[in-house]
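Engineer: One line per chain: the protein sequences are A and B, in this order.
Throughout the first sequence, residue numbering follows the numbering used here, covering 1 to 854 in sequence.
Throughout the second sequence, residue numbering follows the numbering used here, covering 1 to 676 in sequence.
If you are wondering where the hints come from, they were derived from the structure by calculation, not from laboratory data.
Ideal placement from N, C-alpha and C gives every residue a C-beta, glycine not left out.
A portion of the hints provided could be inaccurate.
[Stated by the list, open to error] To give a feel for the contact side, a few chain A residues facing chain B, derived at Cβ under 7 Å: (1) V55; (2) R57; (3) T64; (4) L148; (5) T174; (6) D403.
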Amino acid sequence: MVTLTIDGKEVQVPKGTTILDAAAQLGITIPTLCWLKKVSTTGACRICIVDIAGVDRPMTACNTPVKEGISVTTSTPALEKTRKKTLELMLVNHPLDCPVCDAAGECDLQDSCYSLKVDKNSYGADLERLPIRYDWKLLESDPNRCILCEKCVKVCREIVGREAIEVVDRGDNTIIDTMTREGLDCDFCGNCIGACPTGTLISKPFKFRGRPWTFDVTPGICAFCSSGCEVEYHTKDGRVERVTSADNSFNRGNLCINGRFGYAAFNSPERLTSPLIKSATGRLEKASWDQALEAAATGLKNRAAVSGDAVAGIGSPRVTNEESYLFQKFLRGALGSNNIDSEARLGYFSAQVTQWEMLGYSGGTFAMDAIEKATAVIVVGADLKAESAGFAYRAIQAATKNDAKLVLAGSRASSMNKFANAFLQCTPGSEAWLAAGLNKAIVAEGLASTAGLTGLDSLKASLDALSFERITELTGISEAALRGAAALACSGGRAAVIYGADVIRSADSRNAVAGVVNLALLTGAVTEAGAGIYPLDEKNNTQGMLDMGVCPEYLPGYHTYARAAASFSSAWHATVPAVPGKDLFQIIDAIEAGQITALYVMGSDPLQFMPNRTRVLNALKKLELLVVQDLFLTDTAQLAHIVLPAASGAEKGGSFTSVDNRVQCFAAALTPAGNSRTDGHILQALHSLVSPQTTVTGQTPDALHHEITALTGLYSEVCDHDGCKMGRVKNRTEAFVCLPLAPLAPPAGARPFALTIAPMLHHNGSMTTRSNNNLRVAGEASVFLSREDAATLGITAGDALTITSDNGSVSLKAEPSEQLQRGALFIPAHFSAAAVTVLTNSAAFPQYVSLSKG
Amino acid sequence: MAQVVFSTWGGNTVDNRKVSGEPQAVSYRLPVAFDGQRPLRAFMGWDGIILFDKDVDVPAMTAEYMKRVQTLYCCGKCTPGKKGTKVLMDLFQNVLAGKATDADLDTVEDLAELLKNCKCTLCQSATVPVFDAVKHYRPAFQAYLAPECRPKEEESAARYIHKITAPCMDKCPSHIDIPKYIEAIKNYQMDVSLATIRENMPLAAVCGRVCPHPCETACRRKNVDDAINIMVLKRTASDYERLHNVTPALTPKPRKAKSVGIVGAGPAGLAAAYYLALEGYPCTIYETLPEGFGGGMVAVGIPAYRMPREILQRDIDIIQSVGVEIVYNCRVGTDISLAELKQKHNAVFIAPGAHTSKPMGVAGEEKGYKGFLTGGINFLRDAYLGKPTGMGKKVVVVGGGNTAIDCVRVALREGAEVSCLVYRRSRKEMPADVWEVDGADEEGVKFEFQVLPTRIIVNEKDEVTGVECVRMALGEPDASGRRRPEPMPGSEFVIECDTVIPAIGQDMDLSFIPPDMGIDITKWNTVVTKYLPLVDAAGKDLKDSMGNPLSRTLMTDCEGVFAGGDAEIGPLTVVACVGNAHRAAAVIQRWLEEGQAYLSEQDIFDDVLTYLGVYDKGEQVPWLDSADRANQKEIHGAARAAKGNYREVELGFSDSTAQAEADRCLRCYRMAMVVV
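Chain A extracted, bound-state conformation (with noise of 0.2 Å):
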């Protein structure tokens, strides 16, 4: 600890720490402009001088670490002149156009300016002005309002991982921009703009919209990817116009594309308004909520009463918990059925479902911030940023900030990749065996952590019986590289393990998942040493989704139905059903055989994900009721009997859980758009018209939690919704149990390319093409392929390529791209229109499908 004197008043602070968060700790605020708490110090404005005692010049507070026994001091006659006439040489030139510049009302030079009372200027120069960036999508940059302070340059390089813009120029002409001084190509996350104090970097959506003292503020949990990301809904006249994060936020005010400009969907023309009936012409009309509840319900009812397993309901990853709480409920409890599912069936559940056998939970080990402190991030078979953004910005921090080395593994290079010690690229189809050979290649090393492992002889015992020359055939990895990797995946003793979409929905997935796991035990991540494991999912509430029970193997909190059906059905004065019911495929395959007559479809589109499109087209519209619940007239939508318009998640209340088990808490933004209902609010109406009886309704939140808390017995606490910031904490009980491994041959494909359908960097499920933001960027599907088979094929983007499989065959748009490898192809899952399902004959990639122009 360092002693020092801070305006006479003495503090005690560690070495390292900077004159101006020890003057902080002493409530002493030193005006700054350019210091951010999140990126490297800076130094550029020269506001935060101070002087100390025996050093003959000021010194900047931001970035001049403490000294024992210094007195500083913050505020002199000098300081406060050189601290102004430096504002006053900050504002030569400087545009006065705040009547319409964006920041007007948040400007930290115009707070500048005002506090420290600069009302003229002693300095002058001539007059050159800049060119004004209007061509950049969403974001639009004027440098003559720019002061320089590097924050979103810092922001873009050190948390976004980016570069996209670089201070470039000379003198007077130094300007933010693109290194080419062309355009913009970036993840369009927005985070400069968050960091921009003056309005130089504005939103394009936002400009005009309102000045920034109109808004209502929200505080939110976002609703897109499973990063659960703290945001701010700025609202007026029902709609969100901007979404913001502070700085002090747990993820510090970063969001994605998605979390920033995504919310446009929310704003979408193409909202569902009013319920919808079909006519007897087969028109979807428009019902009064009266008429099309009486209607969905007596449907579903009538249906059920028959047998409760003729009918089936799909939930949601995108309601909050509360909601998916409520939907099991209403189909176990109301409707007696356990034909509950998700498109969590697609590869998350049952991957969770291992891990939840060795590890004890589902979901992350710790909050994700813990991977900042990892000493080795392993990543298999995911694009971070496509998946999950947040992991991404923890990752870059650990790697870049934190001396961690970084693996990642997997059959597709990322834009993380620039950051990694070590890329093993797989085979695609091979991840199984690329997890097996990490596994061995620590065993080899003797790095294993074997301390309170059970199933390591199996596991040894497995591993035996795989050669490496075995796992280099068919991963296309080399013994030496399995074996560097692993001395890097355990250098620092503190691993971090995250796997993704190319492991939970690889071929053989079991496998896969098992040896990511055993990776996680094996480092030693999983203890309390450890960095921590977790799984990726591209959405919002998965994980909470499952947490609620929305599976046709477990009630609420995973409990199984031998064991908790009675203490259930009590709890809900209803009959539980007590043996588990039809998964995702099985209700598809109950439908074509007549058995599942009626179902409902809440916040999901069966239709655009189910892999055979085809064969699910055909099911759907075989059914006697399809009632779907939605934002969009989705594809499955357009099919239903009756539609049910709901709210985004910026319209309604509740908790999310991420995929780091971080449960978080939040209330509506705005009130459902037009005649929209939120999904509980339809659910309880809903289950009170099939039977009134239960609990149900006019439940209070505060009494659904208490009741969702006590039956599940998932969380420790519960938090009051007031002011709370975490949400509850989940219940977790823990094992180490190594499983063996016995890969499958990946099975040779008949057809020449290996397709992988999986998210993209600028799209969030289906919902964010629905965000004419988002479009603005990625406007439509494309088919990734090598630049090598391009070249080979004499390919070049934009060409028009039809991809056959034995199921059926699209056309699309080429998009070379240095992250496939030869004989890879990639498309992205989100744009319904592509109907790229068409071609998948199973949920497992890759699919082998042949290529040819045209």
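Please arrange chain B on chain A, whose structure you already have, making use of the hints.
Structural biologist: Same frame as chain A, now just chain B:
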């Protein structure tokens, strides 16, 4: 003799403008003619202005200086610098245009004060000469304000040449843009940092490890507390690329027809080849040693525990990747003659290095005793090549330089039971780097200081059994300023040993240069190259620190044959050889393209500044000394020198340590300008 008309340099005002009697005598370390021809009329820089010619238009010079600072170098990354120099630039332009007022000139003093708060020294130091100019030549500025008094136009023909520098950059013989590469590390841009280093230093991994880092002796942060760890930061940037498996994006210009033949794949040969190849010239290096032993003295002279071979090889591979061919096992003079080389290529660059040992001058040395080795350089080379070294178990190494230290430390790793260093002066006078001496000490090397070997003692089989020594006392200081050690009569004693390795110094073997090619050799056995006739005010030739002419074009007296590295400079350092070869590459390119081997104004300015000195160890640098210098970790304990253990001893920085160390840099850029 050039007369100083006026000067404020270094804070001392000398005003000979209106003296009636004898002008004040003052001299500066500057040539009277910038390039040996054009008289140096004025010099303007961070420490003031110096006028040698009374007719220099001071306002025009001042305006030009500020314009160049603002438009060419001001980084814009701090408010006073970005805006202050803009205000000043426009002010002086307005003066020249007659649009300013006398009161405007008062702003100069105000801004000079305000710019003391700049982030770095570039803009701040630029206000120093500008302020001096306005203060002492105010009437000249005022004259511009009144149309009728404006000077005649002829002054605008004055020729200005400027140079950006920094104390560290200047001191680095390769003139690497050190503040820039450090700032990039501070900003988490390791790739930018390494690209910056490569602009002047293709052997970043090498100079990040084994450079004696003269830059750090000229680091202004030293005036606050300790120098920035410039060398290890360079290593960090280089290691980062390697540890992230990055292949550097180096794109040579389109291949040209003319080719260059190079003698020796040492630092000089490799550097010249790298820069010429980037310009599109195919280069072929002829190397005596076999494949896998490229790198010259770095490979066979610097032990692997200091410079791991695979890391050296990576630098060589990168150099080769831009279009450099290395023909190994090819000794020029034996396998191919220099004349043939000249015929085969359009230009030849001779950089054979200094691979022979100097004799130590002791009785018995010439008799071929068993156990008396031929020299330190040979011993290190044999050890590295895996050849028998002839070393026994008890080793005495004679010498005080880095080679001697390398020998005693390698002797341990080759299995010596006793490794002893004998040096005729004291420990603190050893030319070897302090950290190398400490490293040897830690590994268990014995030292005998102030001891002179006088005789080799052998047994009947002519095997070395010891070395007779005499103790030395310090006498009067010699030419180098060090007190000359003198033998103390009667102090003779014997050190028992079976091996004696003289490591007194290196020498060049230039026997491959045929006498009929017109290439001159100095009495110090270095190759003579052409130079500019730079003289100081007293008419004395300007020399560099090695005693060579200050500004050399590096072309020998034989047209088209150039020379560099140790064989041209005299045995020195990797960084000196690289700097010298980089210049040679530029001159060779000019010669190939224009038929003339000449130095650019920037080359000359480099030399002029080096001669003048950019670093001022007496400068008071007000700064809070609250961030300590970071030093790299190393493996400790004698086991690191166990037999066969050539593992790297120094471990470099973690990235975060490097970033914090980089943040200590004061970024001491400054601009010099001359009027010729």
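Engineer: Run every hint past the structure and note whether it holds.
Structural biologist: We went through each hint and held it up to the structure:
Below 7 Å, beta-carbon pairs count as interface contacts, and V55/A has one with chain B at about 5 Å; its hint therefore holds. Annotation: R57/A was flagged as interfacial toward chain B, and the flag holds, the nearest CB pair being 4 Å apart, inside 7 Å. Hint status for T64/A relative to chain B: holds, with the closest Cβ pair at about 6 Å, below 7 Å. Interface hint at L148/A: satisfied, since its Cβ lies 6 Å from the closest Cβ of chain B, which is below the 7 Å cut-off.
Against a cut-off of 7 Å between C-beta atoms, the interface hint on T174/A holds, since the closest Cβ of chain B lies about 2 Å away. Because the smallest distance between the Cβ of D403/A and any Cβ of chain B comes to about 4 Å, under 7 Å, the interface hint for this residue holds.
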